[in-house]
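Enquirer: Starting from the given sequences, assemble the full structure and let the hints guide the process.
The listed protein sequences derive, respectively, from chains A and B. With the first letter of the first sequence counted as 1, position 412 gets the number 412 in the numbering used here; the numbers rise by one all the way through. With the first letter of the second sequence counted as 1, position 8 gets the number 8 in the numbering used here; the numbers rise by one all the way through.
Calculated from the structure, these hints are not laboratory results. Hints may be right or wrong, so weigh each one.
Stated by the list, open to error - The calculated lysine to aspartate or glutamate pairs, modelled on EDC-like cross-linking and capped at a C-alpha distance of 16 Å, are:
no., chain 1, residue 1, chain 2, residue 2
1, B, Lys59, A, Asp533
2, A, Lys28, A, Glu452
3, A, Lys99, A, Glu39
4, B, Lys59, A, Glu321
5, A, Lys312, A, Glu323
6, A, Lys28, A, Glu39
7, A, Lys23, A, Glu39
8, A, Lys458, A, Asp29
9, A, Lys41, B, Glu33
10, A, Lys228, A, Asp533
11, A, Lys28, A, Asp450
12, A, Lys278, B, Glu46
As the list claims (entries may be wrong) - Pulled from the structure, derived: some chain A residues nowhere near chain B, Cβ distances all over 12 Å:
no., residue
13, Tyr19
14, Gln75
15, Ser88
16, Phe233
17, Leu271
18, Ser316
19, Ile357
20, Tyr403
21, Arg441
22, Leu488
The beta-carbon is built from N, C-alpha and C at its ideal position, and this holds for glycine as well.
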Amino acid sequence: MRTIDWVVLIGTLAVIVAYGTWKGRHKKDLHGYLLAGRELKWPTIALSIMATQASAITFLSTPGQAYTDGMRFVQFYLGLPIAMVILSITAVPIYHRLKIFTAYEYLETRFGVGTRTLTSLLFLIQRGLSTGITLYAPALIVSVILGWNIHVTNVVVGLLVVIYTASGGTKAVSRTQVHQLLIALGGMAIALIIAIHSLPQDVTLVEAFRVAGRMGRLNAIDFRFDPKTQYNFWSGLIGGAFLALSYFGTDQSQVQRYLTGSSIAESRLGLLINGMVKVPMQFFILFVGAMVFVFYQFVAPPLFFNTVQRAKVSTSQYAAEYEKLEAQHQTQFTEKRADVQRLLTAMRAHDDAATAIATTALRNVQERETATRTAAASLINRTQPGADNSDTNYIFLTFVIDYLPAGVVGLVLAAIFCAAMSATSSGLNSLASTTVVDIFRRLGKPHATDAECVRLSKLATIAWGLFAIAFAEFANRLGSLIEAVNKLGSLFYGTILAIFLLAFYTKRVSGTAAFLGALIGEAAVVWCAVATDLAWLWWNVIGCVVGVVAALIVQRFVPEQDLRASASSADQAFDPQMNAD
Amino acid sequence: MSEGVSGVGSRVSAKNHVNEVPTPDRRHPTPREPNWPMLYGAVMAELLLLIVIFYAFTKAFA
Numbered sequence: 001m002r003t004i005d006w007v008v009l010i011g012t013l014a015v016i017v018a019y020g021t022w023k024g025r026h027k028k029d030l031h032g033y034l035l036a037g038r039e040l041k042w043p044t045i046a047l048s049i050m051a052t053q054a055s056a057i058t059f060l061s062t063p064g065q066a067y068t069d070g071m072r073f074v075q076f077y078l079g080l081p082i083a084m085v086i087l088s089i090t091a092v093p094i095y096h097r098l099k100i101f102t103a104y105e106y107l108e109t110r111f112g113v114g115t116r117t118l119t120s121l122l123f124l125i126q127r128g129l130s131t132g133i134t135l136y137a138p139a140l141i142v143s144v145i146l147g148w149n150i151h152v153t154n155v156v157v158g159l160l161v162v163i164y165t166a167s168g169g170t171k172a173v174s175r176t177q178v179h180q181l182l183i184a185l186g187g188m189a190i191a192l193i194i195a196i197h198s199l200p201q202d203v204t205l206v207e208a209f210r211v212a213g214r215m216g217r218l219n220a221i222d223f224r225f226d227p228k229t230q231y232n233f234w235s236g237l238i239g240g241a242f243l244a245l246s247y248f249g250t251d252q253s254q255v256q257r258y259l260t261g262s263s264i265a266e267s268r269l270g271l272l273i274n275g276m277v278k279v280p281m282q283f284f285i286l287f288v289g290a291m292v293f294v295f296y297q298f299v300a301p302p303l304f305f306n307t308v309q310r311a312k313v314s315t316s317q318y319a320a321e322y323e324k325l326e327a328q329h330q331t332q333f334t335e336k337r338a339d340v341q342r343l344l345t346a347m348r349a350h351d352d353a354a355t356a357i358a359t360t361a362l363r364n365v366q367e368r369e370t371a372t373r374t375a376a377a378s379l380i381n382r383t384q385p386g387a388d389n390s391d392t393n394y395i396f397l398t399f400v401i402d403y404l405p406a407g408v409v410g411l412v413l414a415a416i417f418c419a420a421m422s423a424t425s426s427g428l429n430s431l432a433s434t435t436v437v438d439i440f441r442r443l444g445k446p447h448a449t450d451a452e453c454v455r456l457s458k459l460a461t462i463a464w465g466l467f468a469i470a471f472a473e474f475a476n477r478l479g480s481l482i483e484a485v486n487k488l489g490s491l492f493y494g495t496i497l498a499i500f501l502l503a504f505y506t507k508r509v510s511g512t513a514a515f516l517g518a519l520i521g522e523a524a525v526v527w528c529a530v531a532t533d534l535a536w537l538w539w540n541v542i543g544c545v546v547g548v549v550a551a552l553i554v555q556r557f558v559p560e561q562d563l564r565a566s567a568s569s570a571d572q573a574f575d576p577q578m579n580a581d
Numbered sequence: 001m002s003e004g005v006s007g008v009g010s011r012v013s014a015k016n017h018v019n020e021v022p023t024p025d026r027r028h029p030t031p032r033e034p035n036w037p038m039l040y041g042a043v044m045a046e047l048l049l050l051i052v053i054f055y056a057f058t059k060a061f062a
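Expert: Rendered as structure tokens:
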């Protein structure tokens, strides 16, 4: 990195941390610290919701996903707008009327303290681990590219986030997220422009699209139904809707964003704008990856993008074998580039037969190249068993470092760090809220003062920050990060959603039945994950459906007294007069 | 909130003894509630449009 890159990177991060600390500087009560005084408007809420979901993983791993697997990952988000509409109609008014701090607080009014505690604990485990992965992503960048120690990087980035999150609370988190997301998207837009601009002079944009399309990289929609395929239209629309319902409706890191709205309308608008912008935004990020793929059809890519693993294998006993693979890869690239030229010539001449022949040849050489890359990954795995041999996370970054001009590299790195910080800060903020409101104040010290709770929230933020930093040390064994974080969430989201659906829509299911239903739903998800090869997006559907059905069956065996108590608390929770704004 | 607005209008009419149209209080404007069914419809319509565009995009360059 050049001096100008360092200036841009350090300058941007310093301004963000200072801005967050300054924005949240006023002394607050618990309401002000955890919910920003419920005074935020919809533009801030919408951007904060988007920034919470879009971590550095989104900006690093998603373009790599498009490079290796095409744009079909965009289907994962198709269920999100549906979920935003459902949540705006159902969850938002209930949460606002009850004036709660956390989503799990609502469950006690419906099912009792046991269910509230179970969901809080599931959230703390899942979000605590996910925040670790979120922190790991930028640490990975610096360690691989600049050769920094990954442990030191984890600690530095983690501490930067902890500083403004602990001192400023939710207001600092939401305000900084607006700027962080804009910087991140700006960085990606510049990277896209440069990727397109770096293509050979005689290749037009439409021709670049055609090359990417012919090589299966613009496969945004696939209507074929296959429960074992991770990303198709049906898994995205149905599984994605369940995942989004659970993530945005029951995950405190998101619920806390729209609980800060000054009214139901502001919170609803924040969610709906997210529903309208998220899918095109993901399409755009994947499109950047597809264009990087086209760029590497004209410029030779490395056989393996992870420079650290590449260096290790080159000095191991497998060095000669790896060199052979590199030579093979180079030959395949030369062959592929000639095939791309043949394809372009045929398309320019509108010669359909020649286009078909060139496409087939191109796909064949692409398959052989993929096989060579797989052989290299397996060699790396033999050199260092358990090493990170998933190359997806390094592709976009390698392009940025090798081909972007001075200053822009610093800006893109700042964008990635900003995204990491924004998602991590939301995670820590929500973990602190749940720890203090659902565990400490509910189970430990019910009469704790506001000052005590604010002090403890700050300590909890620091403690969860340290936990996330510690977990980040293990994240390098998890393969593609964008998949890992969603897969981890999918282990729990279906079950948690089942509990909330029972709470929202049934009055005659008791706390005991909901609790047991959730345990059975979770067991079903674990069985699917361990014993079947069902695509992980469907785990959300399984956990939810099994959880709801099991609770309804168990409810038949619950004593009448328990049912009456539950129905009475349900009436109270839904009574608009009792909890009106 | 709506009662407050008509109340202001009534006082103005009584004071001036003319049939003025009641005007909302400028210091506390009534927050305009969006047309929610229309907004929900717009979100779903946009999703449908995106699916069609993505499908066309996939087919056009495959």
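Enquirer: Each hint should be assessed against the structure and marked as holding or not.
Expert: Hints, verified against the model:
1. Pair hint Lys59 (chain B) plus Asp533 (chain A) does not hold up; C-alpha atoms about 29 Å apart against a cutoff of 16 Å.
2. For a cut-off of 16 Å, the pair hint linking Lys28 (chain A) to Glu452 (chain A) stands: about 12 Å separates their Cα positions.
3. The hinted pair formed by Lys99 (chain A) and Glu39 (chain A) meets the criterion: a straight-line CA distance of about 13 Å does not exceed 16 Å.
4. Distance restraint check for Lys59 (chain B) and Glu321 (chain A): the Cα-Cα separation of roughly 41 Å exceeds the 16 Å cut-off, and the hinted pair is therefore not satisfied.
5. Between Lys312 (chain A) and Glu323 (chain A) the CA atoms are separated by roughly 13 Å; this keeps the pair inside 16 Å, and the hint holds.
6. Under the criterion of a C-alpha separation no larger than 16 Å, the hint pairing Lys28 (chain A) with Glu39 (chain A) is consistent with the structure, at around 13 Å.
7. At most 16 Å may separate the alpha-carbon atoms for a hinted pair to count; Lys23 (chain A) and Glu39 (chain A) meet this at roughly 14 Å.
8. Proposed proximity of Lys458 (chain A) and Asp29 (chain A) is supported: the alpha carbons are some 12 Å apart, at most 16 Å.
9. Using a Cα cut-off of 16 Å, the hinted pair Lys41 (chain A) and Glu33 (chain B) holds, with the two alpha carbons roughly 14 Å apart.
10. With a C-alpha separation of about 7 Å, the suggested pair Lys228 (chain A) and Asp533 (chain A) falls inside the 16 Å cut-off, and the hint holds.
11. With a C-alpha separation of about 9 Å, the suggested pairing of Lys28 (chain A) with Asp450 (chain A) holds against the 16 Å cut-off.
12. At most 16 Å may separate the alpha-carbon atoms for a hinted pair to count; Lys278 (chain A) and Glu46 (chain B) meet this at roughly 11 Å.
13. With a cut of 12 Å on Cβ distances, Tyr19 (chain A) stays outside the contact zone with chain B, its closest approach being about 29 Å.
14. Look at Gln75 (chain A): its CB is around 8 Å from the nearest CB on chain B, not clear of 12 Å, so calling it non-interface is violated.
15. Once the 12 Å rule is applied to beta carbons, Ser88 (chain A) is inconsistent with being away from chain B; the minimum gap is 7 Å.
16. At the 12 Å boundary, the C-beta of Phe233 (chain A) falls inside the reach of chain B, the nearest C-beta of that chain being 8 Å off.
17. Listed as outside the interface, Leu271 (chain A) is inconsistent with that label: its C-beta sits roughly 9 Å from the nearest C-beta of chain B, within the 12 Å cut-off.
18. Against chain B, the non-interface label of Ser316 (chain A) holds: every CB pair exceeds 12 Å, the least being about 41 Å.
19. Distance to chain B confirms Ile357 (chain A) as a non-interface residue, since its nearest Cβ pair spans about 17 Å, more than 12 Å.
20. Distance check for Tyr403 (chain A) against chain B: the nearest CB is about 24 Å away, which clears 12 Å, and the non-interface claim stands.
21. Here Arg441 (chain A) stays apart from chain B, with its beta-carbon at least about 33 Å from theirs, past the 12 Å limit.
22. Residue placement check: Leu488 (chain A) keeps its beta carbon more than 12 Å from all beta carbons of chain B (closest about 26 Å).
Figure legend: structure checked against the earlier numbered hints; hints not met, in rising order: 1, 4, 14, 15, 16, 17.
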